[in-house]
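Mind docking these for me? Both chains are given alone in their own frames, and the hints should help you get the complex.
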Amino acid sequence: MTPTETRFGVGFSELPNAFQAGFAAGRDALLQAGLEKDQVQLCMLFCTSRQDAGEFFRGVREAVGEARFFGGYANGAGNNTSMGYDGYQTVVGVMYAPDVQVDIFLQEGIAFNEFETGKGLARQINEARFKGNPNIILLFDAVNRLEGSFRMNYGTPFLNGMKEILGSWPNIAGARMLGDMKFKPTHQWVNGEMTQNSALALCLSGNIRMDYAVMHGCKPASAYHTVTATKGANILEIDHKPALEFVREILGPDMKDNLKEIKYFVTLGRNISDPWAEFNPANYINRMCVGVDTKSNGLFMAEMDFEPGTQIQLMRRGFQMDYVSDQTTELIDRVRNEGRKPVFAMYFNCAGRAASYSDNTDEDMRIVQQAVGDAFPMMGFYEAGELAKIGGELQVLDWTGIFCLFSQEASHD
Amino acid sequence: MTEPGNHTSTDNRNEPLQREMLYYKKMADAVAGYNIRMDSQISLLKRGLHQKENGFTILSLLHGVFGSHIQVDELLTETLKLINTTLKMDRSMIAWQDTEKQGFFLPAQMMGVEMLEADALRKKSTDLSGLFNTSTPSLLVNKDSPVDPLIESIRANWGFQYFIAVPIRTDKVISGWMLAGREKEAWPFYPPLNAGDRDTLFAIASFMEAALANARLYDKLEKANQELESYNRELESRVAERTRDLQQRNQDLAFEKKRSDDLLLNILPAETAEELKTYGSSKARMFEQATVMFTDFVNFTTLSSMIPPEQLVSELDYCFRHFDEIITRWGMEKIKTIGDAHMSVGGITGNTCAPADVIRAGLEIRDFVSAYSREKPDHLKPFFNLRVGVHTGIVVAGIVGLKKFSYDIWGDTVNMAARMQSSSEPGKVNVSESTYQLTSNDFSFEPRGKISAKNKGELLMFFVENK
Numbered sequence: 001m002t003p004t005e006t007r008f009g010v011g012f013s014e015l016p017n018a019f020q021a022g023f024a025a026g027r028d029a030l031l032q033a034g035l036e037k038d039q040v041q042l043c044m045l046f047c048t049s050r051q052d053a054g055e056f057f058r059g060v061r062e063a064v065g066e067a068r069f070f071g072g073y074a075n076g077a078g079n080n081t082s083m084g085y086d087g088y089q090t091v092v093g094v095m096y097a098p099d100v101q102v103d104i105f106l107q108e109g110i111a112f113n114e115f116e117t118g119k120g121l122a123r124q125i126n127e128a129r130f131k132g133n134p135n136i137i138l139l140f141d142a143v144n145r146l147e148g149s150f151r152m153n154y155g156t157p158f159l160n161g162m163k164e165i166l167g168s169w170p171n172i173a174g175a176r177m178l179g180d181m182k183f184k185p186t187h188q189w190v191n192g193e194m195t196q197n198s199a200l201a202l203c204l205s206g207n208i209r210m211d212y213a214v215m216h217g218c219k220p221a222s223a224y225h226t227v228t229a230t231k232g233a234n235i236l237e238i239d240h241k242p243a244l245e246f247v248r249e250i251l252g253p254d255m256k257d258n259l260k261e262i263k264y265f266v267t268l269g270r271n272i273s274d275p276w277a278e279f280n281p282a283n284y285i286n287r288m289c290v291g292v293d294t295k296s297n298g299l300f301m302a303e304m305d306f307e308p309g310t311q312i313q314l315m316r317r318g319f320q321m322d323y324v325s326d327q328t329t330e331l332i333d334r335v336r337n338e339g340r341k342p343v344f345a346m347y348f349n350c351a352g353r354a355a356s357y358s359d360n361t362d363e364d365m366r367i368v369q370q371a372v373g374d375a376f377p378m379m380g381f382y383e384a385g386e387l388a389k390i391g392g393e394l395q396v397l398d399w400t401g402i403f404c405l406f407s408q409e410a411s412h413d
Numbered sequence: 001m002t003e004p005g006n007h008t009s010t011d012n013r014n015e016p017l018q019r020e021m022l023y024y025k026k027m028a029d030a031v032a033g034y035n036i037r038m039d040s041q042i043s044l045l046k047r048g049l050h051q052k053e054n055g056f057t058i059l060s061l062l063h064g065v066f067g068s069h070i071q072v073d074e075l076l077t078e079t080l081k082l083i084n085t086t087l088k089m090d091r092s093m094i095a096w097q098d099t100e101k102q103g104f105f106l107p108a109q110m111m112g113v114e115m116l117e118a119d120a121l122r123k124k125s126t127d128l129s130g131l132f133n134t135s136t137p138s139l140l141v142n143k144d145s146p147v148d149p150l151i152e153s154i155r156a157n158w159g160f161q162y163f164i165a166v167p168i169r170t171d172k173v174i175s176g177w178m179l180a181g182r183e184k185e186a187w188p189f190y191p192p193l194n195a196g197d198r199d200t201l202f203a204i205a206s207f208m209e210a211a212l213a214n215a216r217l218y219d220k221l222e223k224a225n226q227e228l229e230s231y232n233r234e235l236e237s238r239v240a241e242r243t244r245d246l247q248q249r250n251q252d253l254a255f256e257k258k259r260s261d262d263l264l265l266n267i268l269p270a271e272t273a274e275e276l277k278t279y280g281s282s283k284a285r286m287f288e289q290a291t292v293m294f295t296d297f298v299n300f301t302t303l304s305s306m307i308p309p310e311q312l313v314s315e316l317d318y319c320f321r322h323f324d325e326i327i328t329r330w331g332m333e334k335i336k337t338i339g340d341a342h343m344s345v346g347g348i349t350g351n352t353c354a355p356a357d358v359i360r361a362g363l364e365i366r367d368f369v370s371a372y373s374r375e376k377p378d379h380l381k382p383f384f385n386l387r388v389g390v391h392t393g394i395v396v397a398g399i400v401g402l403k404k405f406s407y408d409i410w411g412d413t414v415n416m417a418a419r420m421q422s423s424s425e426p427g428k429v430n431v432s433e434s435t436y437q438l439t440s441n442d443f444s445f446e447p448r449g450k451i452s453a454k455n456k457g458e459l460l461m462f463f464v465e466n467k
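Residue numbers (the numbering used here), protein chains in the order written: chain A, 1 to 413; chain B, 1 to 467.
The reader is advised that the hints may include incorrect statements.
Taking lysine-lysine and the DSS-like style, the derived pairs with C-alpha atoms no more than 27 Å apart in a straight line are [claimed, not checked]:
(1) K260/A with K46/B
(2) K263/A with K52/B
(3) K131/A with K341/A
(4) K295/A with K241/A
To spell it out: a stretch of chain B is covered by chain A in this simulated footprint if at least three of its residues, at any positions, have a beta carbon under 8 Å from a beta carbon of chain A; those stretches are [what the hints assert, rightly or not]:
(5) 79-88
(6) 107-121
(7) 403-413
Just so you know, these hints were derived from the structure itself, not from any lab. Using N, Cα and C, we set each Cβ at its ideal position, and we do this for glycine too.
Next up, chain B with everything else stripped away, as it sits in the complex (with noise of 0.2 Å):
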């Protein structure tokens, strides 16, 4: 290739392009020189720029990681990686007090130091006495650094070469450094340290501060929401077992409830209880077509000088519990036991129980009564027949007095009952005029004609049995 700066040809004709070349090259050379230290000025400027703004990055990024690492080692760890990749350091440290010699710190969180390394450095305690003396305590060491025995000290325990140290403050006193330091300068990728990098860092460590705060006002909160949580669990631990004690109060009482209203329904008609229990007192009421039914035993009396009282309660008892499950499934109403007499009533309450209702009750009382005197001895046997009188007419019905309530029925219809009862015959089932014209159709009636009873004169009377 010709050499395109060789100017020294004497050929007199090409002199003026030879100048010409020349001017042209020097006019080259000047706007070059001219162009590149545009080129250093702007990069200057933007060098400056880059920093501030590699200092508002950080904080940019840390003002989102204090959002979100409420941890205080986590934000601390995290802050330190943002320090170093940002900042370009090499590694960072934040030290604390140490507990057992004032002015003495040592290393907690570290970033960009190997993991034995870091170990090691927790146990360094290192005397920063000598940083609190200014107003603003902060170091700042880079190759222009004059030789000071406390820089060769961090150098020497904690492995910095060319660093800054900034203070952490808590309620205003200092409590911790934060430290980030490059191992070496290398224009103009690492330039040396300056005040704006340390600005940033005092920058970082307020914000630091600041979320150290949040942190600890965080723990409190915590705490306390701890605490409160507890409390809540306690009394939701308590509400439940009172819950508890509540729901098997109440199964308790329901259950006594339960045993008085069945309790209330044996002496009681449903509607007479419940009206009772509504009110406290209960209404006589009268009832146009209630039949009544007396029971009684043949010679009684004469069995009662048999047997051991306690044998003929119990004989008794055992036939009225039958009595009164047959009467209760034909729907009528038990109203009082008199000695080895049962009466009941069908018709004055809400179950629909006819007049026939009570005949078909009396007659399976009877046969009942029946079929139980032949498992007795044949001297008992006799006693264990049954005279029944049914008859059909208005009684009044309810309770009376304040204690020991009764349900009872009055009217002449219960004497006339009594009287059926009195007038009719061992295993018999004897009736009322009234009563048979109101089931003259379901049953078979036996007349028996006109027969005389006491205080009443003559009364028709019938035997009964099924069809």
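So here's chain A without its partners, still in its complex pose (with noise of 0.2 Å):
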């Protein structure tokens, strides 16, 4: 029998039989739910690169039957319980909601030319007509190996063109997606179709609402500098110094030469506030450093927006994750306070801060599934860069994650 109110289930599995795996993971989502087979409004899906994209799909299918799918790779996952990441993760999620309006956009080609890509996505969201103000999940591939090697497709252009055609931002999140550390090809699943190089959104509109929370962990540690020179996501110049040897004048002699240590712990932040009022973390954009360029003596980060002109600062990764736990359970009372009934919540999370890459000793995400408890469904990803607005522009953060709360008018349940 159809259900007359919102569904919503979770599931999760680490059997490294791909379609075993997405089997299970579906069929215990489906039972979460208490929804039956073809039942399933939506389906979103997530796996790591160790599990073959098909079979894992091919599972997915068979356990929760005619669907829309939207989802694609993660470096890891997890459920209200259970988490893990470089293994052979996956997690469904399952959603039956007869007043939500369910519209998935798929735009290939991210690869190729991301600013175009962006335009593409942003003039489907544009045409659809939503029930009201559309509530967005925007994903990306982080992947690009057109070329063979790899290159990161940087989310500014891809972030500018869409921003082109809508003019400004709706209520959006998301995440740049990868399957592991080593950017091996990833893939993505959209309504009934398995694609590469793609960019994808997922719009709820209707009786629905997400949050959300950006967990920054990077905290100001110097004065404030300028950018100077930059080439693409390359910033060549810092104070009319050469990059790389402005920061090894500020780390000094025991890191100087050591070039993989300056590459993972040099972080950027650009505050896009008062510069001398009191630190918040909502105000900075924080971009790592993916690389040396010893050649130039630049610093390649990890996204290209910071343009010569901007002042930047040196940012100290924290460790303490109190506040991650502090911001889960303030935004659920928030929103509960609003007389608001939580459906299910996503978080995104940083895969270079989970505890083993980071020499970290705390999980962010066990943190936020102990404030989330047994509440609500919850899935958690591991991906390449997370996307929220700052300052009302959507950005591509790095070494943070975002909890995102979706959640329904109380009095239509």
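Here it is in structure tokens:
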């Protein structure tokens, strides 16, 4: 019998056989939601690159039946109780919500032209008719291997393309997808298709609202300095000095010749607000250094949005995770205090700050799990860049996590 | 936004402020550098700790796996899965000695390899004899490793790029190799494989050797157990078969015993038979009030000359069977037949048989013969006529001798009963005075007065009929 109220369930599996993993996660999601096969309105699915993409998709479809599919690779995944990365993790979420409209858009070719891909996706969103304002989960492929070797798909041109069409940003968050930290080619699933090099948007409208909290993990450590020369994502100069020389001066003789450590520990932050106001992480856009250019003495950053004239600070990655719990709880309480009922949550987490990659001792996804408990179903992902609005503009963020809470007006239950 | 780092103003009034700002700016940068350097130092230390922790984690997990998986293939596959996920390896493999080529090894268990590739790899025997030359044979290959034919051979045949190979020994001899590797090095997430990783794999291989030895032992135990179970099943089957035989024999014995008992009971009273079975002998006993009955066919000697002996015996058999049935029903004991005479007694066995019951049996026998005579042709009818005599008195009953036991009664009562019979008339039941005294209220008696009986003088006799 078709349900009359909103249902959501999440299943998690680490079986090494992709079909079995997909089937198990899909079946468990149905069970938690109390839905039958073929009753699913939206199925979200994610797995690591250790899983065979086609077999995983086949397993999920075998379990949930006909549905609209949305998802892709992640370096790790979790639900309310389990989590992991770099293994065989898979997570599947299924939803049936009679008063929610589901629209899914796909734009392929991000590896060829990010800007045009952004425009193409935004056009589809613009042309759609939603039930009120849409709440958008935006995902795009991080891995560009068109030329064989790896190149990250920068999000900035892609987002600029979208912005040009959309004008202003709707309620939107998301992530840049990868399946492992070796940046193997990734896969995405949209409706009934499997694709690559794509950007995809899930738009939920009607009786649903997405609220999110950005879990910035960095704090400013230095004085302000100025980017004075760039070439794409390569910062060539800071304060009119070669960028590498600049950071070597600050970091001192112990680290100056250890390019690996410089690459790993240099994070630059841009404060978009009053530079002398009290520190507010919500005003910062942080960029991780992803490589050192020894020829030009420049620093390759994860995005190309730091232009000449940009004021930056050296940021220090914080390993105290108390703020993750506080922010998660605050958001849940705020939404509940508005008389809304949480339906499900998604946590997009920076893969780089997973404990075993960052030499941290805490896993922030674990902290989110503890804060959520079993109050509502939750899906977690490890990705390569998180998308959230800072100062009204959608940004690709580094070294952060985004907790997205989807809720409904309680009276519509 | 005002550029905060701009300190080029020539305004002398602001100079102290600018100097102060520059001072704090430099201090902030110095503190930032110091903090980030410390973060880096701590990170390096933690990285080493993580490597050890991962090693311990996998050994701990394997300990659980080894405890719960006894099937060798399953154990090895699970171990490889743990290696891949815990040590961040892309593929891992166990290759065993190729039985056809010395020093060559064939992959058997694999993880992180597509199914089709795995099928192909299982046929790719690779020469690893070059690994045996050192005291601690192993191979560690990272980006800094020099070009080596053996490394290139493993890369080409088995698809490893950066890898570690450690031996697996059976009875101290290398019987296989465990390999685990990464497709690429990506600092800091997948740092180059190093001696620490090799030590972890050595430890895993040692665990595995112990587990395999356990598994082999378990196999042996399992086989022994299976043999034992098979033997037990056979034994149980034999026992069941033997039990069935015994049950059958017991049944046969019980049947035979019953037949024997029935036969014994046929010739002996139950109490006497029981005594004889229990003690091998039986004492003769005296009974104060035994009622002895004799029957005799009239002119039977003449009949024997008129019909063939077989028919004569047949007729006697038919009649005596009925007599036996009648007296048994009344609780009497048959003693014997003497020619055409039938001798029985009441009151000497456990059954309650009163003198009146003996009379009732006599009358019933008499009536049976009378009825039977009517079925006979006329010329034979006179011969199916019966004289019955009954007397009550003391008898001694028992068996005597060693063979062909015969239960008998002795005493004058027997003679008296025989006289009653011989003094009776055809179709009549003749009873003595003692019997009459005991049953006078139960029947109709016809006093006959005193009648002379051989060697007994004159005796009071009574014909008796049912009331």
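Results of checking the hints against the structure:
1. Pair hint K260/A plus K46/B holds up; C-alpha atoms about 16 Å apart against a cutoff of 27 Å.
2. In summary, the hint linking K263/A to K52/B is supported, as the alpha carbons are separated by about 24 Å, within the 27 Å threshold.
3. Our distance criterion of 27 Å between C-alpha atoms is met by K131/A and K341/A, whose separation comes to about 19 Å.
4. A C-alpha spacing of about 14 Å is found between K295/A and K241/A, which places the hinted pair at or below 27 Å, so the restraint holds.
5. With 4 residues carrying a beta carbon less than 8 Å from a beta carbon of chain A, the region 79-88 of chain B meets the three-residue requirement, and the given coverage holds.
6. Three residues within the 8 Å Cβ limit are the bar, and the region 107-121 of chain B against chain A gives 3, so the coverage statement holds.
7. Here the region 403-413 of chain B counts 0 residues with a CB under 8 Å from a CB of chain A, which misses the bar of 3, and the coverage is violated.
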